[in-house]
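Enquirer: Sequence:
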Amino acid sequence: MSCDGASTTGFGTGTENNLTLTVQSNASITVGPGQVGIIVADGNTALNNGSITTGNLSEGMQGVNNNTFTNAGTITVGDQATAIHMTADNNTVTNSGAIGSTGSYVGGLQVGGDGNLVINSGTITLTGAINTTGIQVDGTGNTIQNSGTITVGSSSGSESVGVYLWKSNNFTNSGTIKAAGDGGLGIVDNGNIVINSGTIVATGTAGSGVFLGGSGNKLINNGMIKGGVGGYSLVSSGSTGNTIANNGTLDGAVSLLGNAGTLTNNRLITITDPMTALTTGNIAFGGAFTQTAQGTLALRVDNAGNSDGLLANSAQLGGTLRAVVQAGLYQSSTTYSGVVQSSGAVTGQFSSIVSSSVFLTAAATYSTGSVDLTLTRIGFGSVSGETANQRAVGNALEAGYSTALTGSAATFYSNLLQSVSVRVLDQLSGEGTSGAQNTAFAAGAQFGQTMDGQMNAWRAGSRGSDASAGALGYAEERPTTSAFAALKAPPLAQPQWHAWASGFGAAQSLSGDAATGSAGFSDRVVGGSIGVDHLVNPDLLVGIAAGGSSATFNVDDRATSGRLDGAHVGAYAMQRFGAAYVSAQLAYSHFNNSTTRSITGIGADEIAKGSFGSDQLGGRFEVGRSYDFARVSVTPYAAIQAAQLWQAAYTETSTTAAGPGVLGLSYAAHTVSSLPVFLGTKFDGRVEVGNGMMWMPFANVAWVHEFSPTRAVTATMISMPVAAFTVEGARAASDAGRIEVGSRLALNRWSELSARFTGEFAKGSQSYAGTGSFKVSW
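With UniProt numbering applied, the sequence shown covers 1 to 778.
No wet-lab data here; the hints were simulated from the structure. A portion of the hints provided could be inaccurate.
As the list claims (entries may be wrong) - Computed Cβ-Cβ distance ranges for the label pairs, DEER-style:
| no. | residue 1 | residue 2 | range |
| --- | --- | --- | --- |
| 1 | H534 | W695 | 20 to 30 Å |
| 2 | W778 | F707 | 36 to 46 Å |
| 3 | T600 | W695 | 50 to 60 Å |
| 4 | V701 | S734 | 10 to 20 Å |
| 5 | A648 | G601 | 23 to 33 Å |
| 6 | A546 | F707 | 46 to 56 Å |
We put the CB at the ideal spot given by N, CA and C, even for glycine.
Between the sequences and the hints, there should be enough to build the whole structure, so can you do that?
Expert: So this is what it looks like as structure tokens:
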């Protein structure tokens with residue numbers, strides 16, 4: 001039988017046997033209250049690829065014995081209805097499509113007999129207000145498999161059940177079962193074998209992951225079972241003889257009070273719901289509890305001495321006991337009595353006692369029938385393994401700590417004491433804002449290189465000629481740095497004035513230092529400059545320049561970024577003494593700086609923003625001498641490049657999603673220096689290319705040593721009683737190799753183009769820069 005249209009009467013009378021029925025993908029069956037979309041008896045095969053829609057008190061598909069029903073389309077039912085219902089034995093029911101309802105008292109897949117196979121790899125979504133069940137198995141000897149998603153109930157509903165199992169059935173879950181609403185249950189188990197490798201979760205008030213009824217339940221959890229608000233991961237009202245093995249996570253209180261049975265924890269038992277009160281009976285098992293070497297029992301503790309606890313008829317201990325620190329201000333030592341209690345003996349010991357807080361240590365004390373837990377507070381700057389930066393921040397925080405704090409300070413320290421890592425101190429340090437210093441020096445250096453490039457071009461000698469002028473013309477004979485000094489050319493007056501424009505771009509990255517605790521840094525700089533210089537006499541060039549730059553930096557590990565907009569002015573001069581020379585430059589820069597930090601892990605996430613000005617004065621002094629070899633001039637040189645940066649004091653503005661924040665910093669005014677020296681050699685060549693043009697390639701190599709690489713900030717918290725602290729950011733490379741390559745093209749005696757690439761390479765750092773220039777002379 002095939003349905004490929006639209007039907008409002010459904011199919012079957014409930015007596016048909018051995019038929020094959022297909023609802024095509026373009027077909028639909030729509031029936032009213034009290035009717036059934038497809039109803040047959042025994043031995044039938046029914047496949048729905050289309051849609052079946054029913055009213056209240058109805059069913060989508062119904063059979064009796066030995067049927068194979070598959071839904072690959074959609075089935076939607078009303079109140080007090082069932083999507084697919086098998087009333088007897090040996091049926092196979094498969095849902096790979098979608099089953100849905102917003103009604104109450106609704107079932108998704110239901111089998112009433114024995115020996116049935118139920119498979120859900122699709123979705124069952126029943127969001128009615130009360131009493132909805134995703135899969136219901138009322139017989140025995142059935143096999144149920146879920147790899148899909150079952151969602152039952154709603155946030156305003158109650159009494160929903162993801163999967164209900166009578167007894168002696170086998171259920172495996174590798175998908176997701178979610179029960180919403182008050183008292184929702186992921187699975188109701190009445191003496192079955194249940195293997196969970198997926199997720200079973202109840203989200204409503206007093207909701208439970210698995211309810212155990214009857215006796216002789218066997219539960220193997222390889223996935224997640226989680227209770228709802230104030231609910232349980234596992235609960236029973238007196239089930240006995242159960243065998244439970246937890247190889248995954250049980251999240252929520254446990255209340256299994258029946259006699260006998262075993263609970264073996266091979267992975268994690270914890271309670272994360274904040275509405276579940278801390279009591280020593282939160283994990284109660286009326287049988288033998290065993291925790292293996294791979295297991296972890298995570299118990300919440302608070303600053304008032306309250307805790308979760310394990311109660312069992314007997315307890316065999318091993319693995320890890322974890323104290324999960326709750327919000328609060330803790331004394332130097334807090335003891336929690338009876339975190340494990342047994343009416344029989346407590347045997348064995350935990351191999352590891354740990355605290356969730358990096359600032360609190362945990363220790364256990366054992367007696368015949370119980371275990372006590374003690375927490376001891378560590379100073380914020382005294383945790384083993386802290387970096388120098390973390391220690392500086394921690395010591396400042398320690399000075400302001402007291403259990404008598406109130407208001408926002410108490411909240412801050414309470415959140416801080418829950419931190420799982422000392423990296424939280426890095427979040428508070430503001431270290432990443434030191435990136436503005438490296439970036440300012442980089443921008444100033446790029447502006448200085450544009451002036452240096454003009455002096456180097458004049459030193460090397462470079463003029464082309466008019467295309468019709470024949471041989472190149474030179475100034476009066478004198479010692480020169482050119483490799484072509486021996487040429488005798490017609491005298492030609494040198495241009496006295498030069499005007500030029502340059503554009504530059506640069507990028508650098510610096511690694512952090514593990515001992516200091518600084519994070520890696522990177523920046524980008526773009527800008528340009530213009531200038532004019534004058535030949536005072538044949539051996540003295542002087543000039544002035546002005547420019548602007550825009551730069552950004554990032555310290556990703558500190559969630560910090562910034563921007564610098566700079567204005568630059570400078571002056572430069574070069575004096576030649578035969579084949580030797582001396583050059584100098586002086587530059588002033590002003591920067592408008594802005595920074596942004598994201599602060600997470602200490603209460604509500606905050607965004608802290610700062611804005612401030614800074615001024616930089618820098619200069620460079622260089623000496624060198626040229627030696628001519630055929631078509632190449634070789635010039636060894638030495639240079640020192642000094643800069644000092646003055647950063648103004650400023651205070652961040654910090655905000656959360658809900659309003660003002662409390663984790664912003666106030667930074668002190670700061671002066672920082674940069675003092676690199678250069679020892680290297682310059683190589684200049686010259687090739688006449690015709691039409692009055694000259695191509696002049698060049699390459700420079702140097703060793704660079706930075707005498708002042710430290711970049712630091714001093715700050716204090718705006719809203720907290722915390723002393724000032726100083727932390728270091730990524731340092732400039734102390735020693736680096738520098739390579740410059742480029743060329744100049746004299747278009748004629750009056751104009752020139754040039755381009756330069758510069759790279760600096762050191763252990764853990766590298767930088768790249770490019771410059772392009774155009775010059776006219778007269």
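Enquirer: Compare the structure with each hint and give your call.
Expert: Taking the hints in turn, this is what the structure says about them:
no.	hint	verdict
1	H534 - W695: 20 to 30 Å	holds, 26 Å
2	W778 - F707: 36 to 46 Å	holds, 42 Å
3	T600 - W695: 50 to 60 Å	holds, 55 Å
4	V701 - S734: 10 to 20 Å	holds, 18 Å
5	A648 - G601: 23 to 33 Å	holds, 30 Å
6	A546 - F707: 46 to 56 Å	violated, 29 Å
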